[in-house]
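Those protein sequences? They're chains A and B, same order as listed.
Note that this note's numbering numbers the first sequence so that position 22 is 22, with each residue one more than the last.
Note that this note's numbering numbers the second sequence so that position 122 is 122, with each residue one more than the last.
Just so you know, these hints were derived from the structure itself, not from any lab.
Glycine included, each C-beta is placed from N, C-alpha and C at the ideal position.
Heads up, some of the hints might be wrong.
Taking beta-carbon pairs under 8 Å as the criterion, some of the chain A residues facing chain B (in silico) [unchecked claim]: (1) K7; (2) V75; (3) V89; (4) E102.
Protein chains: 2
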Amino acid sequence: MLTKKSKYGLKAMLQLAEDAGRGPILVSELAERQSIPKKFLEAILLDLKRHGFLQSKKGKGGGYLLSRPPNAITVGQIIRVLEGPLALVPCASQTQYRRCEECADEATCGVRRAMLEVRDATSKILDRTTLSSLNARSRKGTLRRG
Amino acid sequence: MLTKKSKYGLKAMLQLAEDAGRGPILVSELAERQSIPKKFLEAILLDLKRHGFLQSKKGKGGGYLLSRPPNAITVGQIIRVLEGPLALVPCASQTQYRRCEECADEATCGVRRAMLEVRDATSKILDRTTLSSLNARSRKGTLRRG
DNA sequence: CCATAAGTCTATCGACTTGATAGGCTAAGT
DNA sequence: ACTTAGCCTATCAAGTCGATAGACTTATGG
Chain A
1 MLTKKSKYGL KAMLQLAEDA GRGPILVSEL AERQSIPKKF LEAILLDLKR
51 HGFLQSKKGK GGGYLLSRPP NAITVGQIIR VLEGPLALVP CASQTQYRRC
101 EECADEATCG VRRAMLEVRD ATSKILDRTT LSSLNARSRK GTLRRG
Chain B
1 MLTKKSKYGL KAMLQLAEDA GRGPILVSEL AERQSIPKKF LEAILLDLKR
51 HGFLQSKKGK GGGYLLSRPP NAITVGQIIR VLEGPLALVP CASQTQYRRC
101 EECADEATCG VRRAMLEVRD ATSKILDRTT LSSLNARSRK GTLRRG
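Could you build all of it, start to finish, from the sequences and the hints given here?
Structure, rendered in structure tokens:
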């Protein structure tokens, strides 16, 4: 399961993608619109900023905005920052490989094999899904609202 | 990431599958062969027993054995017991659906859409991977050892 | 140049989970 | 009855999660 940190972060990023091009968005506005505790969201956005996904502006008229176009930011990238590797075991991670201490022989480890497959399938999806593609699909889903 | 509980449980189950048909296996033997703390493993096996995956025998000559053939037990089943739902968000779980409190409109939630895809891909793999299929593939991988 | 707006940093909090250990209880064989 | 080995309860330190509080810094604008 994802932590709330990742979920909140994703929601905020989707909102920022929606509002892209309209100048900085206030943390408090994001927090209110997405029902996220403001202080918690601050920390999350800072984290995303440090990893180069966001820019911020201080003072009046300040706030956050994406530092890249919404179609150049994937869900996989965001989750890796906020949650850690996508893989279910360290020895199956592409981005942060680590050996499992208790594993005698990695080459024949059945658990690892299965988890490599899962990791491939997961990243294939999440690294192809961008903020804009998600938002586009959400708008289609809104039909019943007119 | 999987917890050690799940990893230990999977390893023990794979070992039990390997030794299937040879009578009960001691917890202490499993623990030693797989480098798992014995007391911790006891709790895990007990859990798997309560969920119907294992049988146990007390007293001398006792131990654990699979209660179903190794090709009728999937990795997905084991992980769901020891780790919880495969889905990354509760609203994307097949087996334990729960609404996300902070989500205003599930039908248009972009996060949910992406996570539904991931869950489908994951369970497609893990629910088709049985203990025996994993063990079979591991044996092939042992070539370099003669 | 001072007041205010808004992001940034540090710290702390309780609750829960993780991983592990200890000790006694109970059932089953010989 | 004695021993073996699974079963149960309790406890533990360490870490994580989610959230909050307060002080600090930087920019705008009057």
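Tested hints:
The criterion of a C-beta within 8 Å of any C-beta in chain B is met by K7(A), whose closest approach is roughly 6 Å, and the hint holds. At a threshold of 8 Å, the smallest CB-CB gap from V75(A) to chain B is about 5 Å, leaving the interface hint in force. Here the hint on V89(A) is kept, as its CB sits about 6 Å from the closest CB of chain B, short of 8 Å. With 8 Å as the threshold, the beta carbon of E102(A) comes within range of chain B, its nearest partner Cβ sitting at about 5 Å, so the hint holds.
When held up to the earlier numbered hints, the structure conflicts with none and fits them all.
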